[in-house]
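**Student:** So the chains spell out like this:
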Amino acid sequence: MAHSPPPRLWYLPNHRDALQAHMHFLHKLENAKTEANCHAYYQTLIKNGTANGATSIAYLTSSYVKTRCIITSHRTGTLYKNQKHVVLFKLSTSQTCPLCPQVDSALHILSGCQHTQIRNMITERHNLACRMIFKAISKTGSLGSCVVSIDISSNERMAMQNLQIPETAESRIVPKWLFPPRFEDPR
Amino acid sequence: MLVTPIAAKAQKQQTNVGGWVLQSGRGQLWETGSTSAAPPATSRATNPRQHRPNDLSKPQRDIHLVETKYCEDTRPQNQLNAAKEQHKDLCNILQGASVTLHILLLGVGGTIYNIHTLKPFKELGLDSQRVRKLASKLHVYSVNFAAKLVHTRRALSSTIINSHQEPVSGQACNPLDPH
Numbered sequence: 001m002a003h004s005p006p007p008r009l010w011y012l013p014n015h016r017d018a019l020q021a022h023m024h025f026l027h028k029l030e031n032a033k034t035e036a037n038c039h040a041y042y043q044t045l046i047k048n049g050t051a052n053g054a055t056s057i058a059y060l061t062s063s064y065v066k067t068r069c070i071i072t073s074h075r076t077g078t079l080y081k082n083q084k085h086v087v088l089f090k091l092s093t094s095q096t097c098p099l100c101p102q103v104d105s106a107l108h109i110l111s112g113c114q115h116t117q118i119r120n121m122i123t124e125r126h127n128l129a130c131r132m133i134f135k136a137i138s139k140t141g142s143l144g145s146c147v148v149s150i151d152i153s154s155n156e157r158m159a160m161q162n163l164q165i166p167e168t169a170e171s172r173i174v175p176k177w178l179f180p181p182r183f184e185d186p187r
Numbered sequence: 188m189l190v191t192p193i194a195a196k197a198q199k200q201q202t203n204v205g206g207w208v209l210q211s212g213r214g215q216l217w218e219t220g221s222t223s224a225a226p227p228a229t230s231r232a233t234n235p236r237q238h239r240p241n242d243l244s245k246p247q248r249d250i251h252l253v254e255t256k257y258c259e260d261t262r263p264q265n266q267l268n269a270a271k272e273q274h275k276d277l278c279n280i281l282q283g284a285s286v287t288l289h290i291l292l293l294g295v296g297g298t299i300y301n302i303h304t305l306k307p308f309k310e311l312g313l314d315s316q317r318v319r320k321l322a323s324k325l326h327v328y329s330v331n332f333a334a335k336l337v338h339t340r341r342a343l344s345s346t347i348i349n350s351h352q353e354p355v356s357g358q359a360c361n362p363l364d365p366h
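As you go down the protein sequences, you meet chains A and B in turn. Going by the numbering used here, the first residue of the first sequence is number 1, and it counts up by one from there. Going by the numbering used here, the first residue of the second sequence is number 188, and it counts up by one from there.
If we strip away everything but chain A, and leave its shape as in the complex, we get (with noise of 0.2 Å):
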């Protein structure tokens, strides 16, 4: 006797694990794990104080949705396309980055990809938070004529941002008389 086709519909007995059960089997959406993930860390680190919880999420409001999406998915440790996940779904069988040849990651794409137009961006990223920084020093802080030396990019790139090198900052380089007077420079 044959059997009858399973019914197109049915009941879920509730909404968490069978749920859950259900849309992992049918579109592998990974079975998150509801106490340890990324934002339960999250959230430590804001209740016990070392995240600032006000500005961390401002840009819940403050920026547009499809970057919301993407910062929200990177806390909560869904950052599709990475090749975990490529992995997880057996769309492939190596975790190495299509890019560099090392392991694939939500923070390798954001800081740590060799490519070299990633890694471009990043040294950009970096140095432009290292201007605004300095501007900031220099332009209202009380230190900021005491400055002696830089390294956050050309004066070029300084000047794109109305930043001059102060005149006592007078190269990347530490000034020698702030070494011992014997002190040889290695290079």
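These are calculated hints, taken from the structure and not from any lab test. None of these values were measured; they are calculated from a predicted model. Don't take each hint at face value.
The calculated lysine to any residue pairs, modelled on SDA-like cross-linking and capped at a C-alpha distance of 25 Å, are [unchecked claim]:
#: 1; chain 1: B; residue 1: Lys324; chain 2: A; residue 2: Ala54
#: 2; chain 1: A; residue 1: Lys47; chain 2: A; residue 2: Ser73
#: 3; chain 1: A; residue 1: Lys84; chain 2: A; residue 2: Asn120
#: 4; chain 1: B; residue 1: Lys324; chain 2: A; residue 2: Arg68
With chain A fixed as given, assemble chain B onto it according to the hints.
**Tutor:** What follows is chain B alone, placed relative to chain A:
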């Protein structure tokens, strides 16, 4: 890197008795008397008592090293240790009364830390309003840049994947130029 006179506090322009006043954005350090505040703007250019950081003798110098690093949002400790290790030797070599290393950490996903971001800003002489403003600017900037990085990465990887795929039928109909 900043070099300040040892008597100067990293507070907002305080006048110390027989100490120093730091004029923000003026590029000069001024020695003050016991009661006077900062000298008037007209006399600044010709004041003979002005000093530059390199005029300070070794026991008068207070050296501040500022290192900015982007770190994993939930684990700032790794980059903190890396920065300390990176500047350990330099801190030991530099000649001054004291050498302070300020490590500014920013999360790659826009996280701003109380201890590792806001506190060093205050130590570097910014008032609380400026600190808040700068932190919020850095947050917006980091968040936007993170989104930009993800978009770029997706575009680059899809280009690579497409280049490895076999040519479609339209391309097969137009073979490459043999010359």
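**Student:** Look at each hint and say if it fits the structure.
**Tutor:** Hint check:
With a C-alpha separation of about 13 Å, the suggested pairing of B/Lys324 with A/Ala54 holds against the 25 Å cut-off. A threshold of 25 Å between alpha carbons decides the hint, and for A/Lys47 with A/Ser73 the separation of about 20 Å falls inside it, so the pair holds. At most 25 Å may separate the alpha-carbon atoms for a hinted pair to count; A/Lys84 and A/Asn120 meet this at roughly 24 Å. A distance of roughly 16 Å separates the Cα atoms of B/Lys324 and A/Arg68; the hinted pair therefore holds under the 25 Å criterion.
Hint compliance for this structure: every hint is met.
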